[in-house]
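**Q** Convert by adding 417 to the 1-based position in the sequence shown; the result is the number in our numbering.
It is worth saying that the hints were derived from the structure and are not from the lab. Ideal Cβ positions, reconstructed from N, Cα and C, are used throughout, including at glycine. It is possible that part of the hints are untrue.
Restraint ranges, calculated between C-beta atoms of paired labels, are given here [to be verified]:
no., residue 1, residue 2, range
1, 521, 765, 44 to 50 Å
2, 1101, 1232, 22 to 28 Å
3, 532, 901, 38 to 44 Å
4, 464, 1246, 44 to 50 Å
5, 1054, 1228, 41 to 47 Å
6, 935, 650, 23 to 29 Å
7, 765, 829, 21 to 27 Å
8, 476, 981, 49 to 55 Å
9, 852, 787, 32 to 38 Å
10, 650, 589, 49 to 55 Å
11, 660, 495, 27 to 33 Å
12, 981, 787, 49 to 55 Å
13, 488, 922, 50 to 56 Å
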Amino acid sequence: MLLVAGSDPERGLSPHEAADRLVRYGPNVAPATRRRGPVVQFAMQFHNPLIYVLLAALAVTLAVGEYVDASVIAGVVLVNAILGFVQEQRATDALAALADLTRTRARVLRDSRVAEIDSAGVVPGDVVLLDAGDKVPADLRLIGVRELRVDESSLTGESEAVAKHALALPAETALADRRNMSYSGTLVTAGTGRGVVVATGAETEIGQIQQYVGSATGVTTPLMRRLAVFGRWLTVVIVVLAVVTLVLGLARGESIADMVTAAVALAVAAIPEGLPAAVTITLAIGVSRMARRRAIIRKLPAAETLGSTTVVCTDKTGTLTRNRMTVQRLVVAGTELDPDDAPGPSVRPCLLAGVLCSNAHLTVHDDGAVVSVGDPTETALLDVALRLGVDQRLELTRRPRLDELPFSSDAGWMATLHDDSGGAGYLVVVKGSVEAVLAMCDRAHRSDGEWDPTAVERDAGALAERALRVLAFAWGASESDVLPDATPGGLEFLGLQAMADPLRPEAVAAVAACRRAGIAVKMITGDHPRTAAAIAHGAGLGPADGSPPVVVTGADLAGRSPTELTDLIDRADVVARVTAGEKLRIVEALQDRGHVVAMTGDGVNDAPALKQADIGVAMGAGGTEVAKESAAMVLADDNFATIEAAVEEGRGIYDNLVKFIAWTLPTNIGEGLVVLAAIVTATVLPMTPVQILWVNMTTAVALGLMLAFEPAEPGIMRRPPRAPTEPIVTRSLVWRMVIVGVLMLAGAFISFELTLQAGATIEQARTVTVNAFVAMETAYLLNCRSLNGSVLSVGLFSNRWLLVGVSVTLALQALFTFSPWMQVAFGTAAPPARSWLLVLGMAIGLLVLVGGLKWVA
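Using the sequences and the hints given, assemble the complete structure.
**A** Here it is as structure tokens:
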């Protein structure tokens, strides 16, 4: 922090000194971060091995004069680049959002006069005045407070507003416990205060977070990493096949021109031009499905990343919980009650005290809904009372408020005075800490007249052990129409109300589903360790034997070596009291262990970790704009159950991409092998290069892309996560694809030779071969709907788009075969009628053989 000298807490700075410090320290704004220019950003979209394959395909198709096909490939490359460019531009807006967050107006003392200035002009040493509703303009050391409470949730993750004081604290005090400090970007919710600016701009805590955001490099998604490896491997295979074709032809005495043309034809056959389009479309369909389940994807590749996730680091408030304080238990006359069990009239005085001694209020919306507005603790009291038949609006009409002693964090209680003309005349109502309220009471509101303060303390302690916040209530008659400054006494104890932010039931089920799927779930929160541990245990986090979750704190991470830190985080179920930098270290430690990490967050302090994670997940309803801009996915409902749904969709997306690759590669390999085999055996090509291009273009769109619409297979969430190092095409799948490619090669030559032997022309034979090849691709497509199950295991009509694709393919093949202008363009001729039996036989044969391979492999 900056050292502040020459600041008078009563007079503030002089205008001259403030101007000098503004020059010396700079304006109080988030520093600008250097970004790549738009031209470089756009050019970088082409820096991808898969795009290199596409560019090679573009060059090849231009070389053989297939300008229509070249235009399609160029369009795919350009659309991918534009999408990536737009996504990157949006992602870098996180820093701009952070800068906007800190701009506000500030009231400062300048030569003993209060001046209102832009927060950019605040300098170290300024004395800043704070009121309820103000946004804190810089980091302040508080020098005077009056019931000051500040919402620091966006910075520390603390779920409730923090009471502040001006007392000295040890230098090693954790950020969330620095009650004598107030930080830039936080919000004053109650009271007043005065503080000296000790840090501005980049030196503030929020400025440090911006530097973390800038230094967080982010990571390439697992899918993009796998596709990059796959693209390099595919490029090598295609180049090797083309070179083999060229060398073999030249060795047999063929001309260089003919062999270059043949090598180009083989490359055209082998390159899967539809793969980038399939990736984009499959991801886009997955994004649409996730949106229907309230998960909004900001970056297209992230749609699949959740399917690869091995660890989910989740926030507590609003994600696992409802983000609304709710009364969980009541203790009246020594009996603990559940509010949902309709406890009856015996609890009415305790509930009535909760609605009278409250500054929250009920509001009626246009649709007739009644909602509570105000401090979360007080709105919880109104909600439970209204649910049990005690309406604040009606009760305040009967007992109007006359006076109030506001809540004091030092005293620990609040009191209100009411006109109780129907009772004793005036009624004093008190709520507060158990210790403070018990000290005011000399009796209890119970039929047996028993008064046992020790038993009440015991009940309160038992509730606190369950991480519940406990408030005590009392009332008594008064003869005065104003409240005295002294502590009330002689009151009647009414009971206890214990509250918490309850778990979402659907989140508990989702945590269990993630754990069954082999995904570890860890809670990362700024809350107190005891509160976090209780919520985590209730959510099902922790050891499988049901023992309490392993809890560590941010302080436990300090001074650890990288290996020690990784081991500690790997074992922990909960990490509490963490700062932005510590969250970033947690994500990096898990990634160093080889995990694919999903990180949830809603505050400014979450932004660096959201950016660094394999997939950052921001809260849409309660999250800051900085968090949303740093994340790849936004939850519209802030619900952990939505993450589990998105994981399921992400796994389905990956499955569909693998299915497309498993389908397209053997067909492309088969086409390439047809060209290679013809060169090696010095025979006539069963399919010409232009016919191969026809097959590539039509089937990739009409057949292959239909796999993008496949629904997730049953049991997808009972599988363990894929290993981060697992290739996109496994060894067993490679063998299957090679076998299928050889079967297609054999089918093409058999169809060609049998048709010629039956007396057909070479044009008719090639036409039969093309149709047989397309029929085998269609049969293999049906097999690829499930990589391990049978054709029937996924249901015949579960993907109606596939039926549309098959119908379109049949129509296109009819045009290809019988249309006169297509016959001229592609060198086809209508074959004899009996040839269709051969085409059908090839399809059925391949369908049965591949089905058998699944049983064997």
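**Q** Tell me the numbers of any earlier hints that the structure contravenes, in ascending order.
**A** Of the numbered hints, all hold.
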